[in-house]
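Student: Can you build the whole structure from these sequences, using the hints too?
As a plain string of letters, each chain reads:
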Amino acid sequence: MTRFVMVADLRRCVGCQTCTAACKENNGTPVGVQWRRVLDIEAGEYPDVSRVFLPTGCQHCDKPPCMEVCPSTATGKRADGLVTIDYDLCIGCSYCIMACPYEARFKVEDLVYPYEEGATAADQARTNPAKFDGVVSKCTFCIDRIDAGLAKGLVPGRDMEATPACVQGCISGALRFGDLDDPGSDVATLIRDNKWFRQHEAEGTRPGFYYLWDKGAL
Amino acid sequence: MKQMITARLQKYWDLRAAGNFIGGGTGTGLVMASGLGAALGLDVTVPLLAGLAFVGLGLSMVWLEIGKPWRAMHVFFHPQTSWMTREGILAAPLMAAGAAYWWFGHPAFLAVAVLLSAGFIYCQARILRAARAIPAWSHARTVPLILMTAAAEGTGLFLVIGEPAPAMIAAALAMAVAREVAREVYRLALSRDKAPQGTLNWFVRPEVRVLQAMRWVSMALLAAGLFGLPLAAVGGGVLAVLTGWGLKAIMVTKAAFNRGAAIPRTPVRGRDSSRLVQQQ
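These protein sequences, in sequence, are chains A and B. Those letters in the first sequence? Residues 1 to 218, by my numbering. Those letters in the second sequence? Residues 1 to 280, by my numbering.
Note that these hints are calculated values from the structure, not bench results. Keep in mind that the hints are not guaranteed to be accurate.
To be verified - PhoX-like, lysine-lysine: derived pairs with alpha carbons at most 25 Å apart:
(1) A:Lys195 x B:Lys2
(2) A:Lys195 x A:Lys215
(3) B:Lys11 x A:Lys24
(4) B:Lys11 x B:Lys194
(5) A:Lys131 x B:Lys11
(6) B:Lys254 x B:Lys194
(7) B:Lys2 x B:Lys194
(8) A:Lys63 x A:Lys131
(9) A:Lys77 x A:Lys63
(10) A:Lys63 x A:Lys195
(11) B:Lys11 x B:Lys68
(12) A:Lys131 x B:Lys68
(13) B:Lys254 x B:Lys11
(14) B:Lys2 x A:Lys215
(15) A:Lys77 x B:Lys68
(16) A:Lys77 x A:Lys131
(17) A:Lys77 x A:Lys152
(18) A:Lys24 x A:Lys131
Said to hold, decoys possible - A few chain A positions that, by computed beta-carbon distances, are all more than 10 Å from chain B:
(19) Lys131
(20) Asp147
(21) Ala151
(22) Leu190
We treat Cβ as the ideally placed atom computed from N, Cα and C, and that holds for glycine.
Tutor: Structure, rendered in C-alpha cells:
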C-alpha cells in the first residue's frame, strides 16, 4: 500500500513563503486562492513569547470530512491517500469548505488575475479555468506531478520531478513528502525519529500532514 | 502559553444560504403545525401551502448561492453520507404529499407530508452539525435548536395565516418556550466547549439582545392569547417567526467563526525548549 503524506519540520521553517510562491506558480491559482500557506502564529505574552511558522493547506485526511458532506461526490479519495476534486461534478455549494477544519478549500465567483488587463500569457498557459470558475478547489499535493513521475518510474519525495512543487521549492528543507508506508522513505523516518503533532487531532480526521517539533520518538 | 486567535468568520455562506435554513425551518414548521391543525379540525389549506412555498423558496435561495446552478441535479449523487443530498431527496416527495392533500383531501397525504417535513428539517440540522469547520454549527446542541426553532416558527406563523385556536396558541407557546430552552442550552454548551471568541461575542451584542427581548415579548403575547386575547397571540406568532429568522441569519452569517489553525506545541529551536500551547 501507499500513503502519501507531507511533513513540515517547524524547527526548520523560516517563514520565507517560497513554498507559497512555488505553489502559486506551479498551479496558476488566481487571486484569492492560495493552496499552500505559511501562517505566522504568535503565542504567549511579553516577555515569554514564541513565534511559529506553520505551513498549511489540504491535509489529505484519512477520513476527510469534506468528502463525507459533498453532495455531488466531486470530492473523492484515492487509494494512495490523496483527496481529489472532480471539477466537472462540483456544484460549488461550498459545503466542503464548511466541513474542512483546516481552511484548505477555496471558491471564487469571478476569476481575477494580478494585472488589470486580465490573464497574462503565462497565466493562460498555467491556468485551467474549469478548476476555479465557480467550483471549489484545494491543494492536490501536485497530483499531476506525482502521477506523471510515477509513470516514468520516479519516486515521489525522492525525485523532485515527481514531488509537490512546495516541497521542491522549500529552501530550508522543512517540507518533505513521500510514502508513509515505505519504511525507508524520508517521511517515514522523520515521523519515526521525531516528535510530531497533527492539527485538530480531536476531530478524528487523521490528517496526512505531520508537524515535527522536537527530536526523539514520541 | 496561549496562542493568538486565528479563527475567522466564514464568508462563503451568506444570506442566501441562511435563506435555506429560514425557509426550510418556517416551511417545515408550518407543515407540521398544519398536521396538528388538521387533527384539531382547523382549516389548514393556507398554512400547508404556505409551508410548502417556504420550503421551495429556501431551496431556491440555495440555487442562487451555488457556483454552478445548472449542475444542481448533482446534489442527489451522495445519499450515503451527505445530509445535503438527503435534504434534497426529501424535498420533492414532501411537495408532492402536501399538494396531494390539498387536491384530494385524504389525511394520509398530510401525515406523510408531516413525516417528510420532520425528516427535511432534521436533515437541515444535520447539515450544520456536519460542518466541522464551524464550532457554532457542528456542536451537538445545534440539532435541537434548529428543530425547536422550526417548530416555534411554524406554530407561530400558523396563528397568523391560519386559525388562532386556543390549542394552537398553547402549542405555539410550548414551542417558543422549548426553543428558548434549546437556545440557552446551546449557548451554555458553546461557552463550556470553548467555541471561538468571535462566536461567543455574538451572544452579548445589542442585536442579539434585542432578538432575545423580542422572543420574551413573543412568549408573553402568546400567553396572553391563551387568556382570550387572540390578537395578542397573532402578534406573538409574528414575533416568534421574525426572531427565528433573525437567529438563523446571525448563526449562519455573523457568528460562524471557523476553528482557525492550532498548534499544541512550539518547536524546539536552538537552546529554547518546546512549550505547550493553549487555544484561546
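Student: Against each hint, give a clear statement of whether it holds in the structure.
Tutor: Results of checking the hints against the structure:
Simply put, Lys195 of chain A and Lys2 of chain B have alpha-carbon atoms about 21 Å apart, close enough for the 25 Å limit, and the pair holds. For a cut-off of 25 Å, the pair hint linking Lys195 of chain A to Lys215 of chain A stands: about 6 Å separates their Cα positions. Note on Lys11 of chain B and Lys24 of chain A: the hinted pairing holds, with a Cα-Cα distance of about 22 Å set against a maximum of 25 Å. A C-alpha spacing of about 22 Å is found between Lys11 of chain B and Lys194 of chain B, which places the hinted pair at or below 25 Å, so the restraint holds.
At most 25 Å may separate the alpha-carbon atoms for a hinted pair to count; Lys131 of chain A and Lys11 of chain B meet this at roughly 20 Å. A hinted pair counts as satisfied when its Cα atoms are at most 25 Å apart, and Lys254 of chain B with Lys194 of chain B qualifies at roughly 18 Å. Among the hinted pairs, Lys2 of chain B with Lys194 of chain B is consistent with the structure: their alpha-carbon atoms are about 14 Å apart, no more than 25 Å. The straight-line distance between the Cα atoms of Lys63 of chain A and Lys131 of chain A is roughly 23 Å, inside the 25 Å bound, and the hint therefore holds.
Annotation: proposed proximity of Lys77 of chain A to Lys63 of chain A holds, straight-line Cα distance about 9 Å (limit 25 Å). Taking the CA atoms of Lys63 of chain A and Lys195 of chain A, the gap is near 23 Å; set against the 25 Å cutoff, the hint holds. Between Lys11 of chain B and Lys68 of chain B, the direct Cα distance comes to roughly 18 Å. Compliance with the 25 Å bound is thereby established for this hinted pair. The suggested pairing of Lys131 of chain A with Lys68 of chain B holds, with an alpha-carbon distance near 12 Å, which does not exceed 25 Å.
Between Lys254 of chain B and Lys11 of chain B the CA atoms are separated by roughly 9 Å; this keeps the pair inside 25 Å, and the hint holds. Restraint check for Lys2 of chain B and Lys215 of chain A: satisfied, since their Cα atoms lie roughly 23 Å apart, inside the 25 Å limit. For the suggested pair Lys77 of chain A and Lys68 of chain B, the alpha carbons sit about 22 Å apart, so the restraint of at most 25 Å is met. Taken as a hint, the Lys77 of chain A and Lys131 of chain A pair is honoured in the structure, with Cα atoms around 17 Å apart against an allowance of 25 Å.
Restraint check for Lys77 of chain A and Lys152 of chain A: the C-alpha separation of about 23 Å stays at or below 25 Å, so the hint holds. For the suggested pair Lys24 of chain A and Lys131 of chain A, the alpha carbons sit about 14 Å apart, so the restraint of at most 25 Å is met. Non-interface call for Lys131 of chain A relative to chain B: holds, since the shortest CB-CB distance, roughly 12 Å, exceeds 10 Å. Chain B leaves Asp147 of chain A outside its interface by the beta-carbon criterion, the shortest separation being 25 Å against a cut-off of 10 Å.
For Ala151 of chain A, the shortest C-beta to C-beta distance to chain B comes to about 30 Å, beyond the 10 Å cut-off, and the non-interface label holds. Interface exclusion of Leu190 of chain A from chain B stands, the closest Cβ pair being 13 Å apart, more than 10 Å.
Checked against the numbered hints listed earlier, the structure breaks none of them; every hint is satisfied.
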